[in-house]
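Asks: Chains as they are written, first to last, in the working numbering: chain A, 54 to 747; chain B, 3 to 321.
Errors might be hidden in some of the hints.
[Claimed, not checked] Rough simulated footprint, nothing fancy, chain B against chain A, three-plus residues with beta-carbon under 8 Å:
| # | stretch |
| --- | --- |
| 1 | 503-510 |
| 2 | 522-528 |
[To be verified] Pairwise CB distance ranges, derived in the manner of DEER restraints:
| # | chain 1 | residue 1 | chain 2 | residue 2 | range |
| --- | --- | --- | --- | --- | --- |
| 3 | A | Tyr217 | B | Arg143 | 31 to 41 Å |
| 4 | A | Ile433 | B | Lys133 | 50 to 60 Å |
| 5 | B | Glu208 | A | Lys203 | 40 to 50 Å |
| 6 | B | Lys133 | A | Arg427 | 42 to 52 Å |
| 7 | B | Tyr223 | A | Gln185 | 54 to 64 Å |
| 8 | A | Ser128 | B | Thr55 | 40 to 50 Å |
| 9 | B | Tyr223 | A | Ala697 | 24 to 34 Å |
| 10 | B | Gly314 | A | Val714 | 56 to 66 Å |
| 11 | B | Ile24 | A | Gly572 | 45 to 55 Å |
| 12 | A | Pro499 | B | Leu20 | 31 to 41 Å |
| 13 | B | Lys133 | A | Arg422 | 19 to 29 Å |
| 14 | B | Arg143 | A | Gln185 | 23 to 33 Å |
| 15 | B | Tyr223 | A | Ser465 | 30 to 40 Å |
| 16 | A | Thr724 | B | Lys133 | 41 to 51 Å |
What the hints contain is simulated information worked out from the structure, not anything from laboratory work.
Quick caveat, the model's predicted, so the values are computed rather than measured.
Beta carbons are placed, not taken as given, at the ideal position from N, Cα and C, and that holds for glycine.
Spelled out, the chains give:
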Amino acid sequence: MNTNKQPTTPKNTVKNVLMEVKDLSVTFYTARGTFRAVRGISFSIERGEVLGLVGESGCGKSTVAFGMMGYLPDSAHVEGEILFAGENISTMSSSKKRLLRGNRIAMVYQDPATSLNPTMRVGKQINEVLIQHMGISPQRAKERTIQLFKDVGLPDPEHIINRYPHQLSGGMQQRVVIAMALACDPDLLIMDEPTTGLDVTTEATILDLVVSLKDRVNAGILYVSHNLGVIARVSDRVAVMYSGQIVEESSVKNLFENAKHPYTAGLLNCIPKPPTEDGLVTKLNAIPGFVFPSIEQTANMCLFSSRCPLSQTTCLEEMPQLYQIETGHKSRCFFSKDIKADIWGVPEPLTWQENALTDKAILEATGVRRFFGRWERKYIIFGPKVKPPVRAVTNIDFKVKTGKTLGIVGESGSGKTTVARMIVGLVPKDHGQILFQSEELGSDLPSRTREQLSELRMVFQNPTSSLNPKLPVCHSIVRSLRKFSGFNREESIMHAEKLFEAVGLDISHMNSRPEELSGGQQQRVALAGAFAGNPKLIVLDEAVSALDVSIQAQVLNLLAAHQHEFGTSYIFISHDLGVVRYVSDDILVLYAGHVAEFGPAEAVLKTPSHPYTEALLSAAPLINPKVQKSRIRLVGSVPTMHKAFKGCFFAGRCPRKIEGVCDRIHPPAQTGPSSPNHVIYCHIPLDQLQADQN
Amino acid sequence: MAPKLHTNPNLSKHLKPLVWVINVIKELLKTSWRTTSGRIGLTIILIHIVLATVGHLFAPYSPTALNSNKAGDLISLSSPSWNFLLGTDQLGRDVLSRVMSGARSLILVSTCGTALGIALGSLVGMGSGYKGGRTDELFMRLMDGLMSFPSLLLALLILTTLASRPIDLPLIKPIWDELLIIFTIGFVNMPRVGRVMRSVTLSLKEMEFVQSARLRGEPTYYIIFREILPNTMTVVGVEASVRLSYAILLVSSLGFLGLGVQPPSPDWGLMIAQSRHYLVSAPWIALSPAAAVASLIIGVNLFTEGIRQARGLPQEDKP
């Protein structure tokens, strides 16, 4: 197949527009109504550049990506043009589209597990693409596959080609998918949230790969993501989408330093930032209100005006154009000249951090352990023991201080959720002791008293599944009140209304079904349910991870306000170090069911820190593109925990491993220099760690 | 689907489950009505129900009357004519009248039997699925054991065992036969419903709303009935109508074997059984009740198909 490759041109000398989208609108006609997902957007991608498309869920960014592949369903009505090398994709015949896909335009999807065929060896899947599209011999296809696997940084490609997808970790699967996308030297690569389902450490390595691809591959890349930090890391130019429109387009540097649309400025304000040098935590400035509904067909007004602090009458009467502010920087706002970083208000410091200076522990866990499963024997009950139990959490100790927040971080599989479930009693502990307000907690729910249940609540990750879809949303709140506060039905409904208002919801939603509320509203209902019964400690298991940044900021503010008012303690579990850093007073770093580091937040975040913490910190994407971070990258994934570790639990992946020591002897607990409560489990002397890390 | 939390404050607490069941049935009917097959199925079922309830009023003859001609001879085995649209049977009874009124006990018994089966099966399935562990293992092996019998054989076993004991309670005695069949149908259906309900419960009990109910300290029965049960309604609806069609078949088979309604009351299964000697000379006697049974089952199956299509559920069928 002749792909007509352009000769490689030095970057930035010749403008070489690959794909041009002109005034694209997409409308979905469905049984539930007509939705206008994309409202007239235009942009172009050049060869050798990465265009980041960023926006919150429902803004139409994925629709754009699918439209560029020609993958939109029949219910979608497309207006405008998607020009690829001068030809309009949306009107192309399907046989012609098929020639483009894979050959010249390739796509990488969010979930690598569903993009790969689980019944085929990964090498064969790519061979097939090569033989089909490039028409080369099987022998040459195999050579090329190995080369591709080398290019995307897969270790030991000769062996990996013979593996099945389930034998690879998520990060490796995504590398295979990227290799498959690159197989036919595409001109345009579309990546739709390729790192969203992955751990931070894996995400960082994939982002490194994308950045390096940009220089090696002579293609344009469209990178779609909801995460501003990720976009800042990989893109050259950024287009910010809101309600199906591009509201701002500029170079990455300009966007993050000099945002010229109130929405972009607001988004940047919403991202939790680490405490400043003098230890002040600033309140997040959440964007109030809701996204402009896509069911509205036409609008002759600024779609952001209802949430904008600068909104004036002009904004309601006329739709602003995408005005050129300076070369390469456009903004869809009448008042873009007035936009400064502080239009959303000067961030106020959260001053209440000091007024609860008790160091009394509300919850104290010592030697807590949980193994899942039993020893499995070869012949059900006879024969040798073949499969040991999974050591999910192994003898960990930690404390939660009264009125403070303990953040728990770690990759998936590190045991964070098991710890949370053991505390609330959903998963019984095998060993150890949990003291709650100086009383020992029973390991399972029936052994706990009603007071303990009401004082120890939990909020789950997925707001949609934490509310019963067949019952009104107020159900869980009313039940909690009846159970814990002894109110009768009428009183509980009255109190539920108060709680509803306290979390910023309208009482009219009380009897709605969960499906009628947005994700953010559902999570507020879940919070109201947790607040009912005056809890002393709330365990938040990834409670804000599924929410968009602007909604996440609202929920974080709500949590902070509640803590300030009632002195509630939180255990805040998240894989997102940025959020944990923002909310926590103490941080517990878990790895493979072991404590890597535990101590006051500022001590944990500063050097010296455990090499694993260091890796997590350096992997977290930052929104400031200027900051050059130390690059520690972890290879591989959390080990399977069937056997007790001989030496240090982290030795298998540690970049600072001491041969002969770390894999033989358990690491000692070292007390950090800045605080006596700061513990680091590592062999390397702290002085040396500090010197290495600075 | 379920009633809202605080509407109808005057309604007594005990009526609530009933209202709820009615709402669920209404919802299922509406769902099925949205598709073509559902509409056809519902129409067929409706015709059968009307015939079963008021059919005897419109029947040209009494279903048990032995018709004779003016000379006083029985008009037996008369072929379909204008006088007897579907002919007469060996005793000169009008087949049309018998078919029209023969559905009453069949529909009643199989519906009640299915309802009992759903209730028993849900109880066992949800309880065992929610409890898990050894309890689950024990109950499921028991159910497997029951399922290893062919349904008809199991039904015969239960019926013959129970029917040998005479009953002397004044209220129950007249309907004792029907009660026995209802119980048998319920019992035979229980393991199959139980399996389905268990698998739904297993996936639902991992949901976070169930976990949060456990964290509220709700008792097990509350979690099962208030939190899990409402979410199983589509499954229950589909399962109920699948079971209903098998129940109709089973009741007719029992009638055919002489274990159902006793003669001379009209019953389709019994009619087929009695007419099998005349299959060659007078096929209409067997054909009409057989067609009636078949059309009722087809109607129920089309109704099920309608729910499946409207809800986008996969096609599946197990005996």
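Asks: Each hint should be assessed against the structure and marked as holding or not.
Replies: For each hint, the structure was consulted:
1. 503-510: holds (count 3)
2. 522-528: holds (count 6)
3. A:Tyr217 x B:Arg143: 31 to 41 Å: holds, 34 Å
4. A:Ile433 x B:Lys133: 50 to 60 Å: For B:Lys133 against A:Ile433, whose Cβ atoms are near 22 Å apart, the range 50 to 60 Å is violated.
5. B:Glu208 x A:Lys203: 40 to 50 Å: holds, 41 Å
6. B:Lys133 x A:Arg427: 42 to 52 Å: The hinted range 42 to 52 Å is violated for B:Lys133 and A:Arg427, with Cβ atoms some 19 Å apart.
7. B:Tyr223 x A:Gln185: 54 to 64 Å: Given about 58 Å between the Cβ atoms, the range holds.
8. A:Ser128 x B:Thr55: 40 to 50 Å: holds, 45 Å
9. B:Tyr223 x A:Ala697: 24 to 34 Å: Roughly 42 Å apart at Cβ, these two residues miss the hinted range, so it is violated.
10. B:Gly314 x A:Val714: 56 to 66 Å: holds, 59 Å
11. B:Ile24 x A:Gly572: 45 to 55 Å: 34 Å Cβ-Cβ, so the 45 to 55 Å window is violated.
12. A:Pro499 x B:Leu20: 31 to 41 Å: Once the Cβ atoms are compared, 32 Å apart, the range 31 to 41 Å for B:Leu20 and A:Pro499 holds.
13. B:Lys133 x A:Arg422: 19 to 29 Å: At roughly 25 Å between Cβ atoms, A:Arg422 and B:Lys133 fall inside 19 to 29 Å, so the hint holds.
14. B:Arg143 x A:Gln185: 23 to 33 Å: This hint is violated: roughly 50 Å between Cβ atoms.
15. B:Tyr223 x A:Ser465: 30 to 40 Å: holds, 35 Å
16. A:Thr724 x B:Lys133: 41 to 51 Å: holds, 47 Å
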